[in-house]
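Peer 1: With chain A fixed as given, assemble chain B onto it according to the hints.
If you want the building blocks of each chain, they are given just below.
2 protein chains.
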Amino acid sequence: MTKVCIIGDVGHFSYAVRAAQSSDSLCISAVSDGAERMGCEKAFKAVSECNPSAKQYADYIEMLDSEKPDIAVVNPCCAYNAQVSIECMRRGIHVFSEKPAAVTLPQLETLREAYRESGVVFSTMMAIRYTPHFAAAKRAVESGAVGEIRLMNAQKSYRLGKRGGMYLDRRLYGGTIPWVGSHAIDWLYWFSGKRFLEVYAQHSSIANRGTGDLEVSAVCGFKMEDEVCATVSIDFLRPDLAPSHDDDRLRAVGSTGVIEVRGGKVYLINENGEQTLENAEPVNIFEEFVKAVEGKPSNAVSAEDSFYVTEACIRARESADAGKVIKF
Amino acid sequence: MTKVCIIGDVGHFSYAVRAAQSSDSLCISAVSDGAERMGCEKAFKAVSECNPSAKQYADYIEMLDSEKPDIAVVNPCCAYNAQVSIECMRRGIHVFSEKPAAVTLPQLETLREAYRESGVVFSTMMAIRYTPHFAAAKRAVESGAVGEIRLMNAQKSYRLGKRGGMYLDRRLYGGTIPWVGSHAIDWLYWFSGKRFLEVYAQHSSIANRGTGDLEVSAVCGFKMEDEVCATVSIDFLRPDLAPSHDDDRLRAVGSTGVIEVRGGKVYLINENGEQTLENAEPVNIFEEFVKAVEGKPSNAVSAEDSFYVTEACIRARESADAGKVIKF
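First to last, the protein sequences are chains A and B. Take 3 as the starting number for the first sequence in this note's numbering and just add one per residue. Take 3 as the starting number for the second sequence in this note's numbering and just add one per residue.
Excised from the complex, chain A in its bound form (with noise of 0.2 Å):
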């Protein structure tokens, strides 16, 4: 039995409850808070579902060293990341981890140490690599269906909602670009292959209804190898009434054809001409994390490329404080 435990519940804990409900092998045995104040009971509920004699705890240190389990699901809000990470990886304890996985270069450069010296798995929640329309768009791109990519647009767009929280206060929240455009920074690495080489960005809180510091609107231009290209969008500003939570797309134009990823769906323009690609089987990231866990053959994030992308998320988040180009 793969012993898992909770700490906090501000991010997306609920992968790996989901796959605890499918699993004999999987016990999430307690939850507890990870970061003053932020509480866990949305989490603790969960569990208690399909685990009724779960713990909760209030300190997460005394959890770890009581339940001693063998994977931490790390989701306090984003300023913490990094730090119960680290706590977990001294202790040996493999770490599944939110995005993004630290807030500050030196919270990333103490966790990339930390990991370095811990021989854990660690890996963060990158799901959307895990959906039917990115898998099936990433098969596509790897199969030669455009060629070399030389240019990419990628799109986050949010309802905004009732946000408060972590989300007003940006010392604990780190930024929208981190936050949200993660995903979308994510993609150009994944997508390309490329590293990055420059970024521009620029954020603004204008027209957040209220919502403390939180950043609404935020684009990075990525200068990456190989003359390749990349811009991102994020917004907060998906009205209410929009069909769907979020707008995720991606656009990668390469040498000799076009995909796209809009809707859910995925479109291919290229010397065969137009067409709809059938999207992937859904893959719960966190079933891919346990397997990397247990030597098995896995499609979970590398360590290497979630603190890439997190420095990625992390210089683009100051290109747009400073107002100035940041070279990686």
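Since the hints were derived computationally from the structure, they do not count as laboratory data. Fair warning: this is a prediction, and the values are worked out from it, not measured in the lab. Be aware that a few hints might be false.
Pairs count within a copy or across copies, as identical chains cannot be separated in the list.
Below, a list of computed lysine to aspartate or glutamate pairs in the EDC-like style, where the Cα atoms sit at most 16 Å apart [what the hints assert, rightly or not]:
| id | residue 1 | residue 2 |
| --- | --- | --- |
| 1 | Lys57 | Glu283 |
| 2 | Lys57 | Asp242 |
| 3 | Lys57 | Glu38 |
| 4 | Lys326 | Glu273 |
| 5 | Lys326 | Glu229 |
| 6 | Lys326 | Glu200 |
Peer 2: Chain B alone, transformed into the frame defined by chain A:
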């Protein structure tokens, strides 16, 4: 009768030919080359079909001085647009110029001066403003359909086809950001009404299938007034088998709604839900220009807008060339 001459045929002289075909008060009397060795045979052929007595000149100065037209349609290769327009304006001839109006800042400054001294009407061929889909979207934004615009993503994607002539030589062509991107950059300013503060752009000639200097991928990030941010994506990599030559798009995210022009349609989501807007009636841009020349109410693109967008295009291309942020 309003007398029109056409100089060069690299661009969209056909707007004027079509207007003349359906007007009793417009006459295209002559056509000339506008740049050494670039020719005007295509324009002369089109004009001759509706005016068999139209003349062809090798030298446009000679044509201007002999024909003394009211209006000049200026579309030699891009690098000559400004010089030819200036010669026309110094003779009191109204100028309908291909975009970009100039390809360097010194050219643009001289052009602006010549315009101020001339008293003529000057406008550029920002014809996409007059398409049924873009006109409908603009009207909706003006009526408050998305509140205050906070973020924009503009896209130009063209088939490359086989291109020679000016496209092979950046000194004649001026670059893909001014030639193709000028439309997208115009939309940003036209839709939001905000001035540009900074631009960070990139472009690349890689994968241009042997088309000389031609940049086939480019992106720009514009910082605009009031923390409005915008991206522009430009490519010549639309596959030959795509269902149309171009894939023009604009997405404008406002404080209360999102509007999107894509595939010739306009999609709006706001507090009234999701809808596809009715397109506007098509309008011939040259007819609007002629109205302005006649002193009638007109939606012609103003000289000020033409020059300002030209400046933004040149600064964006300079950012891409220099690899740094350019301030306005």
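Peer 1: Work down the list of hints and note, for each, if the structure agrees.
Peer 2: Comparing the hints with the structure gives:
Within a single copy, Lys57 and Glu283 get their C-alpha atoms no closer than 34 Å, and across copies no closer than 66 Å, so neither meets the 16 Å cut-off. In the homo-oligomer, the alpha carbons of Lys57 and Asp242 never lie at most 16 Å apart, since the shortest distance is 37 Å inside one protomer and 61 Å across protomers. For the identical chains of this complex, Lys57 and Glu38 are neighbours neither inside a copy (18 Å) nor across copies (83 Å), given an alpha-carbon limit of 16 Å. When the C-alpha separation of Lys326 and Glu273 is checked against a cutoff of 16 Å, the pair qualifies neither within a copy, at 40 Å, nor between copies, at 36 Å.
For the identical chains of this complex, Lys326 and Glu229 are inter-copy neighbours only, at 14 Å across copies versus 20 Å inside a copy, given an alpha-carbon limit of 16 Å. Taking identical chains as interchangeable, the C-alpha atoms of Lys326 and Glu200 lie at most 16 Å apart whether they share a chain (10 Å) or sit on different chains (10 Å).
The earlier numbered hints that this structure contradicts are 1, 2, 3 and 4.
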